[in-house]
Structure formats: C-alpha cells, structure tokens
Amino acid sequence: MRRSIPLVAVALGAALTLTACGGGDTEEPEASEPTAEETTETDGGSLTIWVDETRQAAVEAAATAFEEETGTTVELVQKNFDDIRPDFLAQVPTGEGPDITVGAHDWLGELTANGVVAPIELGEASSAFEEVAVAAFTQDGQVYGLPYSVENIALIRNTDLAAEAPATWDDAVAAGQAAGTEYPILIQMGEEGDPYTMYPLQTSFGAPVFTQNEDGSYKPELALGGEAGNAFATWLQAQGAAGVLDTAVTYDVAVEAFANGQSPFIIGGPWMLGSFEGLNLEIDPIPSAGGQPAQPFVGVQGFYISAQSENDLLANDFLVNFMATEEAQMALYEAGGRPPALVAAADAASADPITAGFREVGSEAVPMPSIPEMGSVWAFWGVTEAQIVSGAAEPVAAWEKMVSDIQGALDAS
Amino acid sequence: MSTPHPPQVEAARAMAPEQPPAAGTPRRTSHARDFGRGFVVKLILMALVNALGVYVVLAAWGEESYGIMWSMVAMLVVADYVYFSRRALPLKYIVPGLVFLLAYQIFTVVYTGVVAFTNYGDGHNSTKQDAIEFLLISNERRVEGSPTYPVTVVRAGDQLGFAIVNADGEVRVGTAEQPLQTVDGTATDGVASEVPGYEVLGRQEILENADDVTALRVPVSDDAEDGSLRTQDARNAFVAKSFLEYDEEADVMRDLSTGAVYTPSDEGYFVAEDGTRLQTGWRVNVGLDNFATAFGDARYATPFFKILAWTFAFAILSVLTTFLLGLFLAIVFNDPRLRGRKIYRTLLILPYAVPGFLAALLWSGMLNRRYGFVNEMLLGGAEVGWLTDPTLAKLSVLGVNLWLGFPYMFLIATGALQAIPSDVLEAAKIDGAGRIRTWWSVTMPLLLVSTAPLLISSFAFNFNNFTLIYMLTRGGPRFTDASVPLGHTDILISMVYSVSGLDGTAAKNYGLASALSIVIFVIVATISALAFRRTRSLEEIN
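The listed protein sequences derive, respectively, from chains A and B.
Numbered per my numbering, the first sequence finishes at 413, counting up by one with no gaps.
Numbered per my numbering, the second sequence finishes at 542, counting up by one with no gaps.
Hints may contain errors.
To be verified - Restricting the straight-line Cα-Cα distance to at most 27 Å, the calculated cross-link-like pairs of lysine-lysine (DSSO-like) are:
#1 B:K342 x B:K306
#2 B:K394 x B:K306
#3 A:K219 x A:K401
#4 A:K401 x B:K306
#5 A:K401 x B:K429
It should be emphasised that the hints constitute simulated quantities derived from the structure, not laboratory data.
Sequences and hints are given; from them, build the entire structure.
Given below as structure tokens:
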C-alpha cells in the first residue's frame with residue numbers, strides 16, 4: 001500500500017485540486033456523489049451561496065431578508081476563501097457549483113477565460129458604486145460581479161511616536177529614526193518578497209506592472225522594466241543595505257512589532273487593524289520614494305454568479321436588489337472591516353476616521369490587474385525583490401533578468 | 001512521512017461477510033448456507049450493501065451521472081452473484097478488495113491517463129457547449145445609454161411577454177415574436193399592473209418559468225439593430241444587443257459588428273482567419289502534445305536535470321538516513337539490559353504521531369533565519385540561513401525528513417529484529433561466529449528480507465514527497481540562473497505543480513500535469529519493479 005499512496009496522490013493531485021487530495025484517502029467513492037445539500041432544486045425557490053467565514057454572518061442577514069420577502073430558501077455553504085476559486089472553476093462545469101459565490105476581482109480573467117461566470121446587469125444601480133469597484137469587475141464593457149468592498153493599503157502611523165505624516169520616504173525613515181524605535185518603518189517582505197505591499201513604492205518610480213488602457217483596464221504588456229524599474233531596483237538594494245528593508249520581516253513579525261510600539265509606521269491594510277487595538281492611529285498616504293505618486297493596488301471583493309446556475313433569476317434578484325443596498329453593504333463592512341463599495345455605505349462608514357483614511361488613499365490607487373497574465377508576474381516578482389533587498393543579487397541585472405523571465409513565461413503560455 | 005493503513009484491507013475485513021475459512025469437503029455445507037446464524041448475518045450485510053448501492057444508483061440517476069450509475073449497477077450485480085452463488089467461493093474473498101482497488105487506484109490512474117491526452121486547464125475548462133453558451137451570454141451587452149425599466153412579466157396563451165412603462169407613462173408590451181407596442185394598460189407607480197389581452201404573472205409563476213423568463217428577448221422595434229428587451233431578475237428590464245451569433249449548421253461564430261467568422265480549431269478555440277480567437281475554449285483531445293510540451297520547453301532544460309538529480313538524492317538519502325538511525329535505535333533498545341525500554345520506545349514514536357504537513361510547517365518556522373527557534377535559542381542569535389542557503393536548505397530538508405521518518409523505520413526494525421529466531425543466533429554462536437560476523441551474515445540478511453520491500457516503498461513515497469517540500473521550503477531558495485520559478489529543493493513532483501500552474505504562477509494546465517505525473521509514475525514504477533526483483537534473491541536465504 002505504501003507504494004500506492006504517492007500514486008493516488010499524484011493522480012488526485014493532478015486530476016483534481018490539491019484540496020481534494022487531503023481527504024482522498026478516506027473518502028468513499030460514493031462521497032464524491034452530490035449530496036442533497038449541494039444540489040439545487042429546480043422548482044424555483046432555492047439558492048446556494050458560497051461564502052467564507054468572515055462574510056457568512058453578514059450575507060446571512062441579507063439572505064434572511066430575501067427569504068422573508070420572496071419565500072426563497074437560501075443556503076449558505078461556508079468554504080475556505082482559498083478553496084473557493086479552484087472549486088468554483090472545477091465544479092461549475094459539472095453542474096455542482098453554487099449559484100453565487102463570494103470572490104475577489106482579480107479572479108475575473110481566469111473565470112471568464114474558463115466561462116464559469118455570468119454577466120450581471122447592474123442597471124441604474126451601477127452609478128451608486130465607487131467607480132473603481134465597478135471598473136474592477138468589468139471586462140470588455142460587461143460587468144461580471146457585484147462589488148461589495150474596496151480595500152487597499154496605506155501608511156498606518158502611530159501618532160504617539162510620529163506626530164506628522166511624512167511627505168516622502170526619506171522623511172518617513174528620518175522620522176522613524178528620530179523616534180528611536182527598533183524599526184524606522186515596517187514593510188512586510190519575507191524570503192519570497194511581497195510585491196503587493198511594495199507596489200506603491202514601485203509606482204512612485206513610475207514602473208507600473210502592465211500598461212493601462214485609457215479606461216483603466218490592463219493590457220498584457222509589461223511596463224515594470226526600463227530605466228524606472230532599474231531605478232526602483234537600485235533603491236531596493238540601497239534600502240536593504242541600510243537595514244530599512246529586511247527580508248526577515250514577515251507579515252506576523254511586522255504586525256507584532258508595530259503593535260508593540262517598535263515602529264511609528266507600517267505599510268498595511270485594514271485587515272491589520274484588529275491587532276492594533278489601543279494604539280492611536282492615523283492613516284496617511286504612502287510616502288513616495290521615487291518622486292511620483294505612490295499608488296497602491298486596489299482589491300475589490302464581490303459576488304459572482306455561476307454561468308451554469310439554474311436559478312440565475314433568483315441569483316440576480318438577490319444580488320442586485322438585496323446585496324446592493326446600504327444595509328447589506330454596511331453589514332458586510334461591520335463583519336469584515338473592509339470599506340464598502342457602495343458610495344452611500346462608504347460615506348456612512350467614513351464616519352470612522354480610519355476607514356475614511358483608507359478610502360482617501362484608495363481614491364488614488366489603481367485596480368490590481370485581473371488579466372490571467374498576472375499569475376506569471378507574481379512568480380518572479382517577489383523573489384527578485386527579496387533577492388535584491390537581501391543583497392543576494394545585483395539589483396539592475398536581477399531586475400532586468402526578471403523582466404525577461406516574465407516575458408518568457410508570457411510568451412510560453 | 002506517514003504510513004497510512006491500507007484502507008482496502010480494513011474495509012475488506014469489515015465488508016467480508018461471515019465466511020468459513022475454507023471450502024471444506026462437498027459433504028460439509030457452509031455455515032452461510034444452512035439458514036443458520038451465519039446466513040442471517042450474511043443476509044443483513046448484503047442487504048446493507050444493496051441498500052447503499054441502490055441509493056447511489058438513484059442519486060446518480062437524479063444527477064444524470066450515467067457513468068457512475070451503470071458502474072454501480074454492475075458492481076451490485078457482481079456482488080450479489082458472488083455472495084449468493086455456490087460457484088464463486090474464491091471471489092468471495094477477492095471481490096471487496098477488487099472493488100476498492102478499482103475505485104481508489106485503477107480509476108484515478110485511468111482518469112489521469114485520459115486527462116494527459118487532453119488540454120484540460122485554463123481556457124479549456126469545460127465542454128464546447130458550455131463555451132458557446134458563455135461566449136453568447138458574455139457578448140450580449142446592454143445598449144449604451146439605454147434606460148432600465150421596472151418590468152412586468154405577462155402571458156398570452158403560452159407566450160410569455162414583458163410589459164413596461166415608458167418615460168411618457170405609456171404601457172408598452174411585447175413578446176418574442178411581437179415587438180413592443182403601446183397598449184391601453186394601467187400603470188401603478190411606474191409599473192404596468194394591468195395589460196389588456198395579457199395575464200400578469202405573480203412571483204410564484206415567474207419562478208416556475210424562470211428559465212423562459214431569463215431567456216425571453218422582446219424586440220424593441222421591427223429593426224433588429226435596436227436590440228431587444230430582456231431581464232435578469234424579473235424586476236428590471238434593459239435593452240440588450242448580441243454581438244456574437246452561433247451558427248449551429250455551419251458550426252461557426254459570427255461577430256455581428258465586424259462580420260468576422262470564427263471557426264472551431266483543433267486546439268479547442270474559435271479562431272478567425274486572421275488568427276484572433278475568442279477567449280473561452282473547450283476541452284479537446286490533443287494526443288501526445290502534452291508530452292511534447294513537457295520536454296520541449298528549453299527554459300526547463302537545465303533546471304530539470306538539477307531537479308532530477310536532487311530528487312534521486314533526496315529519496316535515496318531519506319531512506320538511508322531514516323533506516324540507519326531507526327535501525328541503530330532499534331538495536332540499542334532491543335538490548336534486554338536496558339531499563340524502561342517501553343517508555344523510550346513510546347517517546348521515540350512521538351514524531352510519527354504528528355501529521356507530516358504540520359510538522360513541516362513547524363520546522364519551517366523553527367528554522368527561520370532570524371526569528372526561528374533554532375537560530376535564536378540554540379545558536380544564540382546567529383543568522384544561519386537554514387532555508388535560504390542552497391546547501392543548508394537541502395540539509396534541512398533531509399534533516400526534517402529524518403526526524404519525521406526514523407520512528408517508522410525504528411518500528412519496523414524493532415519488529416524485524418524480534419522476529420529473528422534466537423536459535424539461529426545460537427547456532428551461529430556455537431559455530432564459532434563472533435558478534436560482528438553474526439550480525440553481517442545472519443541478522444542483517446534476515447532483517448533485510450522483511451524490511452527491503454518497505455525500504456523500496458519508502459523510496460517511492462519520498463520520491464513524491466510533495467507535502468514536505470511544499471510546506472518546508474516551497475522549493476526555495478530559487479535558482480538564480482534559471483528563467484523559471486523553480487528552486488534548489490524542488491523535487492520532480494513539486495516541479496510538476498509549478499510547471500502546470502497549479503500553484504497559480506502560470507495558466508493552469510491539468511493535461512500537462514497529468515502527462516508529467518505519468519512520466520514520474522513510470523520512473524518510480526520501473527525502479528520499484530527492478531528493486532523488488534533484486535530483493536527476491538534475499539528471500540532465498542529463508
């Protein structure tokens with residue numbers, strides 16, 4: 001039997017997703033059968049929604065309202081957020097998928113390439129959303145998701161340690177050193193790098209990842225190389241040598257150090273705030289390192305409808321008429337702390353200065369590319385940054401090699 | 001490293017009805033045939049099996065999964081025949097095992113084989129039918145600048161229609177064949193509430209006809225260019241226009257705005273003459289293309305051989321180190337003079353009780369360059385790059401695998417040592433053999449007879465030890481001289497995971513992953529088969 005374990009693992013790992021692999025040993029063949037709760041009845045009146053842990057309660061509230069008004073049964077299936085994308089891709093074609101799933105906008109390219117997601121007509125409601133939120137879910141003029149939150153990173157400042165917002169990166173470092181704390185400024189990196197957190201600093205050198213069309217969507221032409229990219233790489237190396245950037249600082253290390261008052265600044269998102277209770281915080285724009293505006297990525301969360309849903313009428317009704325309300329969006333905001341995508345709800349949430357601060361920074365931000373080519377970029381991007389910061393690689397050469405490697409990967413696929 | 005118990009054996013034990021151990025002579029009838037207790041037990045067990053089987057058949061029928069349904073019917077017929085027939089005695093023992101072999105192994109191997117010859121992956125996720133459907137729905141867009149209307153779904157005879165109220169307060173109604181026309185209806189709050197000649201549908205009726213309602217297109221005017229009214233939620237309607245049309249007879253897609261014609265290609269895409277293609281494709285058979293791709297990409301040439309060498313080194317060294325340490329400890333703890341052996345033995349098995357992926361994660365934290373336990377506590381703050389230096393990372397992987405794997409080897413070596421009959425050792429002593437001579441000529445060969453097959457399967461297991469690599473180093477540190485995202489501790493199976501995009505760094509390609517898995521399977525199977533043949537020579541000692 002020992003020999004067969006890897007065999008089963010290989011076969012399953014290849015044929016199914018890795019998640020299926022974990023339970024593969026004990027599962028009876030019958031277990032892969034659709035169980036009653038996964039199937040949707042066709043008699044009109046039931047809806048299956050995939051949600052993750054943090055959003056379950058909030059969606060449940062909207063679902064209850066929907067159930068009461070329409071007599072529909074809504075069934076929420078809780079899944080790991082990381083499992084939702086592969087499971088949705090694998091299960092929709094088999095007819096086993098949900099009617100609606102929660103998801104992030106940067107999945108869009110993959111979901112449409114595989115034809116598993118249906119367009120949603122927001123109608124008049126579309127103008128009620130933040131522009132960037134709808135744009136993020138738009139492809140070729142067609143909207144594919146109902147946005148509910150817009151999130152981005154910003155500079156979080158501990159006002160007890162630094163009284164004023166720094167204008168530039170050098171100001172921030174100087175203020176951090178003047179504060180006498182262990183770290184002048186905290187940016188998570190890790191041995192594999194973190195290009196998402198590093199991106200605003202990269203854009204401040206004028207080296208965005210892809211060129212943008214006029215409507216804000218991306219085309220698969222790399223823009224992160226050239227003079228601007230090389231300047232950013234050189235800067236990375238200098239900051240690494242000066243000890244300001246450090247690959248040993250991971251998310252956990254950075255958050256803990258900031259919570260302990262070991263630095264006046266951290267670059268991060270609203271998801272960190274839970275760890276910073278008791279600190280006096282202010283949210284500032286990310287200081288520019290290269291002279292140009294530091295634009296972080298915007299991530300938009302929303303709901304997708306399955307292309308194979310047998311209840312698409314109910315699904316559209318639920319999303320457009322029950323999830324696009326201020327009430328539902330506020331409930332999601334309160335559950336997850338992510339600033340709402342609906343303008344009215346976002347205005348209400350902005351009563352909190354922290355949320356308002358993130359929203360302010362987000363208004364300058366750019367959507368994270370959702371084109372499928374992005375996957376190839378992530379694979380090289382962070383590791384190269386980490387190698388440059390740790391001094392393991394010569395900056396300009398490493399950056400140029402990275403650009404040509406990404407181009408090679410794009411050409412090969 | 002874990003040693004799962006063979007599920008089929010236990011399940012077979014649980015499944016096997018009460019049967020006498022031997023057929024017996026013709027005169028003796030089986031206990032399961034004489035309507036005694038054995039027969040009753042058999043009847044109950046078979047009833048359970050049948051009930052479960054029928055349930056699966058019905059469920060599969062309901063889901064229209066006819067493949068599962070028919071294979072289940074076949075399995076049930078075979079099972080009933082075998083256990084109620086007089087002639088199928090040997091099969092009674094074999095059938096449960098066979099069924100599980102079929103479900104767990106043969107099916108997955110065959111499925112992998114089938115996928116290896118397709119282009120299943122990103123862009124080719126489903127059937128052609130699904131792709132066509134998606135292309136059509138995604139290319140039907142709202143006419144820019146057109147308003148949305150609160151809609152009333154109506155019916156005339158068996159024809160569904162939409163009624164709206166336009167900006168002038170007029171009620172307009174139409175069906176699929178009848179373009180919108182103004183009628184003398186009643187509007188309440190901007191919604192058409194009564195339409196002469198039509199019956200207004202309630203919510204329940206709309207839901208019953210949901211598919212027809214969302215499929216309904218009511219032309220706005222006689223000119224098709226103006227688009228047609230449609231609704232997605234039966235509350236609001238908007239004017240939409242298709243930009244793509246599927247011609248079923250010619251099997252081509254037509255772009256209605258540019259006039260371009262897209263024909264289906266061998267790669268599973270709709271492609272126009274100028275080479276542009278529609279983004280969503282479907283799954284097709286691509287023959288041996290995946291195998292050609294697997295070995296045809298020049299970017300992988302150098303890293304592949306490095307990884308192949310490391311995979312062999314990792315698998316062989318893992319088996320050697322764990323076996324030697326396990327054996328050493330087994331010998332030490334086998335000495336009857338040692339007190340408290342049971343406690344030591346229990347303690348030694350502890351690493352074995354920790355799930356492999358969890359242990360690997362723990363170790364990756366403990367080996368962190370700056371904040372890890374090893375550097376911070378044991379080495380007094382030295383920043384040793386256990387997982388970031390190429391050589392040290394390889395040693396760390398081997399070390400962690402040693403920690404995970406030696407208890408298993410310790411267990412089997414202890415068992416094997418205790419199974420060696422003491423009279424053989426005594427005989428060697430009487431013949432005048434010294435300790436070392438006895439060890440090399442008697443103990444060791446006898447030990448290998450029982451452990452060699454386990455060592456071979458341990459090799460095969462480690463050859464594909466994806467969990468350890470993925471959880472501990474993710475293949476890192478990266479090669480600095482390669483143009484692909486692979487690293488110094490990547491083994492073949494983790495390379496497959498990355499090459500085929502399953503880790504998200506490239507477009508997913510299950511076809512390629514399956515093809516590469518088959519290649520790995522062939523390598524492991526060949527080595528194992530050769531090794532098993534060699535071990536047969538050992539058995540002659542017995």
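The hints, checked one at a time:
no., hint, in the structure
1, B:K342 x B:K306, "violated, 44 Å"
2, B:K394 x B:K306, "holds, 13 Å"
3, A:K219 x A:K401, "holds, 21 Å"
4, A:K401 x B:K306, "holds, 20 Å"
5, A:K401 x B:K429, "violated, 68 Å"
In terms of the numbered hints stated before, the structure departs from hints 1 and 5, listed from lowest to highest.
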